[in-house]
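> Join the two chains, each given in its own frame, into one complex according to the hints.
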Amino acid sequence: MVAFLRFLINGISLGSVYAIIALGYTMVYGIAKMLNFAHGDVIMVGAYIAFCAMAYLSLPPLVAVLLAMVVCTALGVVIEGLAYRPLRQAASLAVLITAIGVSYFLQNAALLIWGSNPKIFDSVFSVGTIRLFEGELTITSETILTIAANIVIMIALTLFTGQTKLGKAMRAVSEDKGAAELMGINVNRTISLTFAIGSALAAIAGVLLCSAYPTLMPTTGSMPGIKAFTAAVFGGIGSIPGAMIGGILLGVIEILGKAYISTELGDALVFAVLIIVLLFKPAGLLGKPVREKV
Amino acid sequence: MKLKKSTVNALISYGIVIVAFIVCQYLIASKAMPRTLKGQMIPICVYIVMAVSLNLVVGISGELSLGHAGFMSIGAFTGAIASTWLLNALGLESALARLIISIVAGGVMAGVFGVLIGIPVLRLRGDYLAIVTLAFGEIIRNVVNCLYFSVDGMRLNISFNNPNLAGTIIVNGPAGTKGIKAISTFPVGFALIIFTLFVVLNLVNSRSGRAIMATRDNRIAAEAMGINVTKYKMMAFVTSAVLAGMAGALYGLNFSTFTAAKFKFDTSILVLVFVVLGGIGNIWGSIIAAALLTILPELLRAFADYRMLIYAIVLILVMLATNNPMLRSVFDRLLRVFRRRSPGAEMKGGAAQ
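If you read the sequences in order, they're chains A and B. Counting from 1, one number per residue, gives the positions in the first sequence under my numbering. Counting from 295, one number per residue, gives the positions in the second sequence under my numbering.
Hints were generated in silico from the structure; no laboratory data involved. We put the beta carbon where it would ideally sit given N, CA and C, even for glycine. Each hint should be verified, as a subset may be incorrect.
[To be verified] Ranges of calculated distance between the beta carbons of each label pair, as one might list FRET restraints:
#1 A/164 - B/492: 56 to 64 angstroms
#2 B/306 - A/91: 47 to 55 angstroms
#3 B/492 - A/279: 50 to 58 angstroms
[Stated by the list, open to error] Not the full set, but computed from the structure, chain B residues with beta-carbon under 8 angstroms of chain A:
#4 386
#5 421
#6 433
#7 563
#8 609
[Said to hold, decoys possible] Sample of chain A residues lacking proximity to chain B, with all beta carbon distances greater than 10 angstroms (derived):
#9 77
#10 183
#11 256
Isolated chain B (complex conformation) (with noise of 0.2 angstroms):
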């Protein structure tokens, strides 16, 4: 029997994930890896699931999205009030099948946004479209903090702007969620690392896939081709919102407490730093670029005040080496050379405009 090539740049990816994972289990199990590093590893796998999401947008389907962090919020307040809903409505005790439902529900929850903000925002070019999401961004950001949830019974209650509900609170406005079992897992987040690339890598080797970079590529001529341009930005959008909502659910239930504060303008610009220093529509260079720029400023907690400052720093020095014309045709040059040996499992993507 004989793989697609695709196919079989994909396994090597499922490969090499579950290599990193078994290792990562390893350390964790005979204490290897430093305390901070453990307490690194959940949100490493979000930011992991962030970046190549966000990527499906900005490198496959070439639009630029500042509100990626919206789609993180709402599957994250989904993802706690589906926990708590599950535990104290139907006494469902079992964390990871509340874990696995609440990732679900923040995913279809934040898909549901992204098909309601899609339809304006896949109207709009270039930075008018990338304005347009990071408005999104903070109207979700600002509305989520006027939100009141609570549960009573079976029932779950919500108001707006109006603290006083029947039942225990759970989201409880500008203060955040309330009293929240943190229930995610390094294994599930594992899992859900896989199931992104599952889903992305079978998007971009399927025909729509093919689809959404003719569309980034030249919109006009994949026009000419009878392609149908918003449907598949839209697909590549919604594609995108879920499995941020997914991330967003796994990152709110690492913590009893958290507010709509934290995905904040600051955090879709995060993630975008991580899908451009990979590589725009590198999936692996996502992936490689989320994980070590999350421990970046643990493993510089040695310059204790100067690490941010650092970080900043690697940051422009990096753009500036990979992106300068003259340093890139070296580094051109050598990666040529790397490739003619081992074709790797790579998507190169061209740049978003």
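Excised from the complex, chain A in its bound form (with noise of 0.2 angstroms):
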């Protein structure tokens, strides 16, 4: 019972990281339509980023992750404007292949910076750690951190798109752009600022992705970015609380499935529960089914 309880608790922190990621993809698909395949290694440079801020500047770990939220933003600006703007008229799939062309850029950009040799990464915080159960449960700073940082930025999330003027504009935008155009809405400063959110978003994940699991390579963002993305079409794409529930959802069953059925099908169950969601509920849990009109 309190092995479940364990693995169950690293299944919600490690399912609140992908959730966070997730959140970046499900924002820029609402408002842009794309796939940002580029946003796994977004995080991959947050988390480089504050690695070097704490290793070599020796900054404080929040000025690091402050630093490293505010590279990522620039980055998420420079590459909306720099590889996505020009194709925004141009086929969903084209823009794919484009932003596969970010993601191999940021990788080996990387690889050539900080070189193939991982990092081991320093965990930023330290909270203390909570013991339960006379000591068999112990709950990390990490797991509570992650857990705390997730349920903040959803609550944040959920008032800026609500209640600002911008987070109006911002869903004003993902549900018609031409009217949102003709309502004095500017699009193209809307989507920037989403790409900005996403991929502050993603620093945040990074380093706390990193705080977990401490190896820092060019590759380690891909396939969490993977898991993420999966996590964001399971809830349903387009949907900020739906990639929460997806995020979490994803996270404790792949550890899990990883404790009590095997180790080496961790992922492989994780994208099987996927099918079969999609299976019963094609828009993911929480989309909109669309109607087709003929």
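Here is the structure:
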């Protein structure tokens, strides 16, 4: 029972990281209708920046995280402006391949700058661990902070998209670009803003991910990226609460599957659950089914 | 006798491939071809077949598939097992016969999985379909990583997650295949390209091919015309899987050892890049893009560490140049002038959604 609880908490913690990454995917998909495959690599860049800030500049962890967020935000906006904006009218597959090109670029740039040897990421946080059941169940500070960060981000994003003017503009653009433009919304700036928020979240996710799994390599971001993308689809792509639920469920399934069924098949299990869910709910858990009109 | 236009175009296509093959063979025979390029000939054949077969799904049938490497993986492992079994159990000495039987076996096995995967996948649409193909690709890779095969006399032993098998181990779980004879040859690869072109061009220019393209262009209208959408989507998907499996077998038998990790998501994406860069729905585009992009990293060897970075930049710039509306209109005008002069052997398809 205690073991199960431990796996469950680990699962929620990993799932929270997926959820934060998935938010970036789902927001960008909702507004620009594109799969941003480079998102996973922005996570990796964020983690490297935080690592460098702490290891070489010996900045305090909080400053390092903020620095990573600033760099990633800038990176996200630059990528959007240079690579995706010229293709706003192009077929979605063309944008997808460009995103893959950006992903290759980031990975190989990281390989040149930081080398292929894995860096050992020191945990950013030290709040102390919680011990329950006479020390049988320990919850590390990373776990607590990851889950807390997830909740804070979720609340902040819901408030932002629901209450603020910019958030409303974002929802308007994702619903109908043309109509939003007629209402005086600057579509390009709104899309840039979405990329900025998504990339800042990616930086946080990168730091959290590497605090829990401390090896940092140029390819660190790709697998979590794919899984977070899966999580976004799982929850219904384009939906913010969907990304959250999808991410956490995916993390829990992965950890429990690895613990109780087969270590090697943990990933396969995640994808199998995804397939089954999509067969019964083809638009994801919280996605709205779109009626086709003739 | 008057031939149909599509037949003439197909014949021109075969002709160009045959000429290209003869030129390559001549260059190899006269030792004019650099060693690194010579080693790339079989991978080029493999990726051409992969790209053309994926184009059948992405371009002709209009569904984005992100798990094409999964079928390649099934074909490669089936081919490796089949060739070793033929040699050890049946004592089939002829490498050519073993290669051909293995390629066919790889294709059949991939086709079986294509049907199994196609049934659930083709019920979905758009990005959801894409993500499920991605999921299947990853599942195949994960499961193959846990499989062990061995030959013991005539018997073929399979186990899941248990390396203690009787006889000689052929597939060793995560360590991949072991002790496979590398029997792939460039002429067989070339024959596979011709076969692929034959299948794809005939399918596209047939009644079924037109039905497939009709479902791509407008699913509802096609359904209203009495076209069985699922059947035709399935036809394109399974044909593509079979061809990918054959390419996989050719690829696998080019190495004495390979692992399931070779066929991860990146490989699926690589093939998709060939298809999109060559032009979605354009068979010749796929062939040229696959050949050029397979050699490109070799050609960029002079840049040493920077070559993959340059590859990425080239990819982004080409996508920007070919898809930006302003540059696009310039290209289109140039192409129109060019087309008026020579009606090329091209099948221009619409974009996938």
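> Each hint: holds or not?
So, going through the hints one by one against the coordinates:
{"no.": "1", "hint": "A/164 - B/492: 56 to 64 angstroms", "result": "holds (60 angstroms)"}
{"no.": "2", "hint": "B/306 - A/91: 47 to 55 angstroms", "result": "violated (28 angstroms)"}
{"no.": "3", "hint": "B/492 - A/279: 50 to 58 angstroms", "result": "violated (35 angstroms)"}
{"no.": "4", "hint": "386", "result": "violated (34 angstroms)"}
{"no.": "5", "hint": "421", "result": "holds (7 angstroms)"}
{"no.": "6", "hint": "433", "result": "holds (5 angstroms)"}
{"no.": "7", "hint": "563", "result": "holds (6 angstroms)"}
{"no.": "8", "hint": "609", "result": "holds (4 angstroms)"}
{"no.": "9", "hint": "77", "result": "holds (17 angstroms)"}
{"no.": "10", "hint": "183", "result": "holds (24 angstroms)"}
{"no.": "11", "hint": "256", "result": "holds (16 angstroms)"}
Comparing the model with each numbered hint stated earlier shows that hints 2, 3, 4 do not hold.
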